[in-house]
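Asker: Protein sequences appear in the order of chains A and B.
Numbered according to our numbering, the first sequence terminates at residue 483, and the numbering increases by one at each position without gaps.
Numbered according to our numbering, the second sequence terminates at residue 483, and the numbering increases by one at each position without gaps.
Hints are computed from structural coordinates only; laboratory data are not their basis.
It is possible that part of the hints are untrue.
Note that the list lumps identical chains together, so a pair holds whenever it fits in one copy or between two copies.
Claimed, not checked - Taking lysine-lysine and the DSSO-like style, the derived pairs with C-alpha atoms no more than 27 angstroms apart in a straight line are:
id: 1; residue 1: 196; residue 2: 423
id: 2; residue 1: 132; residue 2: 456
id: 3; residue 1: 132; residue 2: 434
id: 4; residue 1: 434; residue 2: 291
id: 5; residue 1: 424; residue 2: 389
id: 6; residue 1: 254; residue 2: 307
id: 7; residue 1: 441; residue 2: 308
id: 8; residue 1: 434; residue 2: 156
id: 9; residue 1: 196; residue 2: 434
id: 10; residue 1: 424; residue 2: 434
id: 11; residue 1: 456; residue 2: 156
id: 12; residue 1: 132; residue 2: 254
id: 13; residue 1: 257; residue 2: 291
id: 14; residue 1: 265; residue 2: 441
id: 15; residue 1: 441; residue 2: 196
id: 16; residue 1: 257; residue 2: 132
id: 17; residue 1: 308; residue 2: 423
Take a look at the letters that make up each chain.
Number of protein chains: 2
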Amino acid sequence: MASASSAASLRHLLRRPLRPTLLRPPLLRPTRRLLCASSSSSSSTLTHGGDSSTSTSSDGALGVVDLNPPRGTRDFPPEEMRLRTWLFDNFREVSRTMAFEEVDFPVLESEALFIRKAGEEITQQLYNFEDKGGRRVVLRPEITPSLARLVIKQGKSVSLPLKWFTIGQCWRYERMTRGRRREHYQWNMDIFGMPKVRAEAELIQAIVLLFERLGITSSDVGIRLSSRKVLQAVLNMYSIPEHLFTQVCVIVDKLGKLSREEIEKELISTGLSSEAVQGIIEVLSLKSLSKLEEVLGSDVEAVADLKKLFSFAEQYGYADWICFDASVVRGLAYYTGVVFEAFDREGELRAICGGGRYDRLLSTFGSEDVPACGFGFGDAVIVELLKEKGLLPDLARQIDDIVFPLDEELEGPASSVASSLRKKGRSVDLVEDKRLKWVFKHAERINASRLILVGKSEWERGMVRVKILSTREEFEVKAGELE
Amino acid sequence: MASASSAASLRHLLRRPLRPTLLRPPLLRPTRRLLCASSSSSSSTLTHGGDSSTSTSSDGALGVVDLNPPRGTRDFPPEEMRLRTWLFDNFREVSRTMAFEEVDFPVLESEALFIRKAGEEITQQLYNFEDKGGRRVVLRPEITPSLARLVIKQGKSVSLPLKWFTIGQCWRYERMTRGRRREHYQWNMDIFGMPKVRAEAELIQAIVLLFERLGITSSDVGIRLSSRKVLQAVLNMYSIPEHLFTQVCVIVDKLGKLSREEIEKELISTGLSSEAVQGIIEVLSLKSLSKLEEVLGSDVEAVADLKKLFSFAEQYGYADWICFDASVVRGLAYYTGVVFEAFDREGELRAICGGGRYDRLLSTFGSEDVPACGFGFGDAVIVELLKEKGLLPDLARQIDDIVFPLDEELEGPASSVASSLRKKGRSVDLVEDKRLKWVFKHAERINASRLILVGKSEWERGMVRVKILSTREEFEVKAGELE
Chain A
1 MASASSAASL RHLLRRPLRP TLLRPPLLRP TRRLLCASSS SSSSTLTHGG DSSTSTSSDG
61 ALGVVDLNPP RGTRDFPPEE MRLRTWLFDN FREVSRTMAF EEVDFPVLES EALFIRKAGE
121 EITQQLYNFE DKGGRRVVLR PEITPSLARL VIKQGKSVSL PLKWFTIGQC WRYERMTRGR
181 RREHYQWNMD IFGMPKVRAE AELIQAIVLL FERLGITSSD VGIRLSSRKV LQAVLNMYSI
241 PEHLFTQVCV IVDKLGKLSR EEIEKELIST GLSSEAVQGI IEVLSLKSLS KLEEVLGSDV
301 EAVADLKKLF SFAEQYGYAD WICFDASVVR GLAYYTGVVF EAFDREGELR AICGGGRYDR
361 LLSTFGSEDV PACGFGFGDA VIVELLKEKG LLPDLARQID DIVFPLDEEL EGPASSVASS
421 LRKKGRSVDL VEDKRLKWVF KHAERINASR LILVGKSEWE RGMVRVKILS TREEFEVKAG
481 ELE
Chain B
1 MASASSAASL RHLLRRPLRP TLLRPPLLRP TRRLLCASSS SSSSTLTHGG DSSTSTSSDG
61 ALGVVDLNPP RGTRDFPPEE MRLRTWLFDN FREVSRTMAF EEVDFPVLES EALFIRKAGE
121 EITQQLYNFE DKGGRRVVLR PEITPSLARL VIKQGKSVSL PLKWFTIGQC WRYERMTRGR
181 RREHYQWNMD IFGMPKVRAE AELIQAIVLL FERLGITSSD VGIRLSSRKV LQAVLNMYSI
241 PEHLFTQVCV IVDKLGKLSR EEIEKELIST GLSSEAVQGI IEVLSLKSLS KLEEVLGSDV
301 EAVADLKKLF SFAEQYGYAD WICFDASVVR GLAYYTGVVF EAFDREGELR AICGGGRYDR
361 LLSTFGSEDV PACGFGFGDA VIVELLKEKG LLPDLARQID DIVFPLDEEL EGPASSVASS
421 LRKKGRSVDL VEDKRLKWVF KHAERINASR LILVGKSEWE RGMVRVKILS TREEFEVKAG
481 ELE
C-alpha cells in the first residue's frame with residue numbers, strides 16, 4: 001500500500017524550485033510604540049500608527065487602544081490556555097469519579113445574593129454596579145450563593161442528596177496594590193442534603209484525589225480542619241448570644257493576618273467580655289483533638305463530628321493528609337460546621353482551597369434550610385505550587401498531519417487530502433505559501449506526527465508523499481488510502 | 001474470582017431489616033411562595049419563610065431573594081449543562097481536527113475596544129458601565145476585538161498564520177421585549193495572516209464538519225456567501241467616497257429587517273445619489289455568480305475571490321452546502337472581504353453562524369494590519385435547529401458504580417470500597433441512609449452499571465456483593481479484587 005523510500009527523494013524535493021510567494025502574508029511587524037506596550041505590563045496606551053488610519057476612519061478608528069486586558073484580568077494565549085484546560089480536565093475527571101454532576105450559572109448575578117452583614121472581605125470587595133435598568137448587579141465573587149439559589153429553584157423536582165460541581169470565573173474589586181488579580185477561576189464541589197460528616201469526608205477525598213492526580217503528595221500539602229461548632233461551644237460556655245456567632249467567626253478568621261491585639265479589640269467591640277475573648281483565643285490555638293475533647297467535653301457535637309471525620313479518613317485512606325487545627329475558621333459568613341483548607345507544608349502560599357458546611361444558608365434566601373457543604377478550589381495557588389514543585393506538565397502543541405502542496409496549482413488536491421484526513425478525525429494543519437524549510441521547522445514546533453507533501457509528479461499518479469517525522473521514514477501512498 | 005449466584009440472594013437482601021434512618025436529610029420542601037417564584041419566569045421575589053430567620057440574623061438574612069438569575073441570563077442545571085458540554089465538545093473536536101489552538105479572554109473588556117461609529121446594532125446594545133476606578137468597561141458583546149488585541153500584544157513572538165479558536169460568553173443589553181436573552185455563548189474560529197480565500201475555505205470546512213458531526217445535512221442547512229468587495233465595486237462605479245463604505249454596509253445589512261423604502265432613505269441620508277442607491281440594491285439582489293460577473297466584470301476582486309472559493313468548495317467536498325447570495329453583508333462594521341452565514345433552509349430561524357474577512361481591524365487599534373478572517377457560532381440557534389430536527393442526543397447521567405452499605409456500621413468498609421474504585425478511575429456514587437428500594441430506583445435514574453452492596457456477613461468474609469444492573473447478574477467478589 002505504501003512503499004518506504006530513501007531520504008534521497010526528500011532531498012530531491014528540497015531541491016525543487018519553489019514558486020515565488022506572490023501573496024506573502026505581511027509579517028506582523030508592530031510599530032515600536034506597540035512593542036513597548038506589549039512588553040510592559042503597565043496599562044500604557046497606544047496612539048495610532050498613522051499610516052492606514054485615515055483611509056478607514058469610518059470604521060471607527062480609535063486612535064488609542066490598550067493592548068492589555070482590563071487591570072487585574074488575564075488573557076489566555078494558547079500556552080496558558082493549554083495549562084488551564086489541563087487543570088480543568090483534572091477538576092472534571094475527579095468530579096466524575098466522585099459522581100458529581102456539572103452545573104453553571106451566569107457570571108453576573110443580583111447583588112442581593114451576596115449582601116451579608118458580617119463584615120467579610122469578600123462582600124467588601126464586590127465588583128458591583130447598577131445596570132441600565134437600575135438593577136444592582138455584581139460580577140460574582142463566589143459561586144455558592146448561586147448554587148443555593150438553583151437548589152431552591154429546582155425545588156421538589158430534584159432528589160436529595162444533590163452532588164454538584166462547577167468551574168467558573170469569580171471577581172472581586174479591590175485596589176490593585178499587591179499584584180493580586182481581580183478574577184480567578186474556581187472549582188466548586190457541593191453536596192446538598194447530607195447532614196452527616198460523610199459529606200465532608202467525600203469532599204476531602206475529592207481534593208486528595210485531585211492532588212494525587214497532579215503528582216502532589218501528603219508531604220507537600222496538608223488539609224487542616226476544624227469545626228465552627230468548636231467556637232459555638234466556647235460561645236455557649238460564656239453565654240454569648242447566638243446572633244454574635246457569625247461576626248465572631250469572621251473576626252477570628254483574620255488571626256493570621258492581623259495581630260492578636262487587633263483581633264482582641266475587634267472581639268471586645270462586639271460586646272464580648274475580655275474573659276470570653278481569652279477563652280476563644282485559647283481554644284483556637286489547640287492542634288490536638290484529644291486536647292479539644294478535654295476542654296470542651298466529649299459530648300459536644302464538634303468533637304463527635306471531628307472524631308467521625310478522622311475515622312472516615314482512615315477508611316478512605318487519606319489520614320496522612322489531614323490534621324486538626326482549631327484556628328481554621330474560614331472567612332465566609334455562612335459556614336456552620338466542619339471547615340477545612342488545604343495548605344502547602346512549606347507555609348509559603350495562601351490556602352490552596354477551602355470549604356465547609358453551611359447548613360443555614362438557604363433560609364437566608366427565604367427557603368427552608370437543607371444541610372449543605374462544599375469547597376472552592378482556585379486556579380492560582382495550585383499553579384504556583386505545581387511550578388514550585390516542578391510538577392507542571394509539558395503541554396506542547398500536538399498535531400497529527402501537516403499537508404503541504406509543493407506547487408500553487410496543487411492547492412486543490414491539497415484541499416481534498418486535508419479534508420478527507422479531517423473527516424477521519426485527524427488534526428490537520430494545511431500549510432501554503434511557505435518554503436519547505438519553514439514547513440519542517442513548523443512541523444517540529446507543533447509536534448506534527450506526519451508531513452504529507454502533495455507534489456505534481458506524485459499526484460499525477462494519484463499518490464502523495466508521507467514523511468513520519470519521529471522516524472524520518474518516508475514513503476509514497478495512494479491519496480485515497482491515506483489513513 | 002467472582003461467582004454468579006441466583007436472584008434469590010438479592011431477594012434475601014431486600015428482606016433484611018434496614019436500620020431506622022436516624023438522621024434522615026430533611027426533604028427539600030419549599031414553601032408555596034417559593035414554588036410560585038420557581039415555576040414562573042418573571043422576576044418575582046420571595047419574602048422570608050419566617051421560621052429560622054431570626055436566629056441567623058447576623059448571617060445577613062436578606063428576606064428577599066430572587067430565585068431567577070438576572071433577567072435575560074440562564075442557569076445551567078445538570079441536564080442543560082450536559083447539553084452545553086456536548087455542544088462545546090463538538091466545537092472543540094472540530095477545532096482540533098482543523099489544527100486550531102484554543103485561547104481565551106476576560107469577559108470584561110475595556111469599552112474602547114468596542115466603540116465604533118458605524119451605527120451597528122452590537123455597539124448600540126453594549127452592556128457597559130463604569131467601574132469603581134472610573135474606567136469604562138463592558139461585558140463583551142463579541143470576541144473578535146479581544147482576539148485582535150491579543151494578536152497585536154503577542155507581536156513578533158508568534159509566527160503567522162495564527163489559527164485560534166475560543167468559546168466564550170457574550171453579552172448585550174437591550175430592552176427584554178422579545179424574550180431574547182442578554183447572554184449567549186459563542187464559538188469563534190479565526191485565522192490571522194492568510195490573505196487568500198484559503199482562509200475562508202478552511203473556516204467554512206470547519207462549520208460544515210461541525211454540522212456533519214451533529215447529524216445536520218446540506219438539505220437542512222446552507223451557507224450563503226458573498227463579499228463586501230461586491231459593494232465596494234458598486235461604490236467605485238458610482239464614485240462614492242471610500243469613507244462611506246462601512247456605513248453603507250451596516251445599513252444594507254438591515255435589508256431583511258427594515259423595508260426597502262427605509263433602507264433607501266437611510267442610504268440617501270448618507271449623501272448617496274438615488275441612482276447609486278438603486279444600483280446598490282439591484283446588485284444586492286443577485287443570487288448567481290455569473291450574473292455578478294456580467295454586472296461587475298470578471299477583473300473585479302470580488303468575483304475572483306468568490307470563484308476561487310467555490311472551486312475550493314468542490315475540492316473540500318462541501319459545494320452542496322454553499323451558495324452565492326449578494327444580499328449577505330453581515331452587520332459588523334469591520335468586515336472587508338468575503339462574508340458568509342449559515343441558515344436553515346426552511347427559513348424559520350435567525351442565522352446559525354456568521355463570519356467574514358476583516359483585513360483592516362488591527363489598524364483601528366493602532367497596529368499594522370494583518371489579514372484576518374473568522375466566524376462566530378452561537379449556542380442558541382443551533383440548539384433550536386437540533387430540537388426541530390430531532391437531533392438532540394440522549395444525554396442521560398451515567399455512573400459506573402453505586403456503593404451501598406447495608407448497615408450503618410459498614411460505613412467504614414463502604415468508604416474504602418468506594419475510595420479504591422475511584423482511585424481506579426471508576427465513577428462511584430456512595431449512597432447511605434436510604435432504603436434498598438430507593439437505591440434501585442436511583443440506580444436506574446442515574447444509569448449505574450453496577451450496584452455494590454456491602455453487607456455484614458459478606459464483609460466478615462472480605463467479600464462484597466455485586467449486581468450488574470443491565471443483566472441482573474449477581475455475584476460475590478473479594479473486596480480487594482473489585483475492578
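Asker: Each of the hints needs a verdict: does it hold here or not?
Answerer: Structure-based check of each hint:
Taking the closest pair of Cα atoms, residue 196 and residue 423 come within 27 angstroms of each other only across two copies (23 angstroms); inside a single copy the shortest separation is 51 angstroms, beyond that limit. Taking CA atoms no more than 27 angstroms apart as the test, residue 132 paired with residue 456 passes in neither setting, with 62 angstroms inside one copy and 63 angstroms between copies. For a Cα distance limit of 27 angstroms, the shortest separation of residue 132 from residue 434 qualifies neither inside one copy, at 51 angstroms, nor across copies, at 49 angstroms. Within a single copy, residue 434 and residue 291 get their C-alpha atoms no closer than 73 angstroms, and across copies no closer than 35 angstroms, so neither meets the 27 angstroms cut-off.
Proximity of residue 424 and residue 389 under a CA criterion of 27 angstroms is satisfied inter-copy only: 25 angstroms between copies versus 40 angstroms inside one chain copy. For the identical chains of this complex, residue 254 and residue 307 are intra-copy neighbours only, at 26 angstroms inside a copy versus 69 angstroms across copies, given an alpha-carbon limit of 27 angstroms. In this homomeric assembly, residue 441 and residue 308 never come within 27 angstroms of each other (Cα to Cα): the closest approach is 60 angstroms inside a single copy and 29 angstroms across copies. Taking the shortest alpha-carbon separations for residue 434 and residue 156, only the inter-copy value of 18 angstroms comes in at or below 27 angstroms, while the best intra-copy value is 62 angstroms.
For the homomeric pair residue 196 and residue 434, the shortest alpha-carbon distance between copies (13 angstroms) is at most 27 angstroms, but the shortest distance inside one copy (65 angstroms) is not. Only within a single protomer do residue 424 and residue 434 lie at most 27 angstroms apart by alpha-carbon distance; the minimum there is 26 angstroms, versus 47 angstroms between protomers. In the homo-oligomer, the alpha carbons of residue 456 and residue 156 never lie at most 27 angstroms apart, since the shortest distance is 68 angstroms inside one protomer and 34 angstroms across protomers. For a Cα distance limit of 27 angstroms, the shortest separation of residue 132 from residue 254 across copies, 26 angstroms, qualifies, whereas the shortest one inside one copy, 37 angstroms, does not.
Proximity of residue 257 and residue 291 under a CA criterion of 27 angstroms is satisfied intra-copy only: 25 angstroms inside one chain copy versus 75 angstroms between copies. Proximity of residue 265 and residue 441 under a CA criterion of 27 angstroms is satisfied in neither setting, with 66 angstroms inside one chain copy and 56 angstroms between copies. Taking the closest pair of Cα atoms, residue 441 and residue 196 come within 27 angstroms of each other only across two copies (23 angstroms); inside a single copy the shortest separation is 59 angstroms, beyond that limit. Only between protomers do residue 257 and residue 132 lie at most 27 angstroms apart by alpha-carbon distance; the minimum there is 26 angstroms, versus 39 angstroms within a single protomer.
For the homomeric pair residue 308 and residue 423, the shortest alpha-carbon distance between copies (22 angstroms) is at most 27 angstroms, but the shortest distance inside one copy (55 angstroms) is not.
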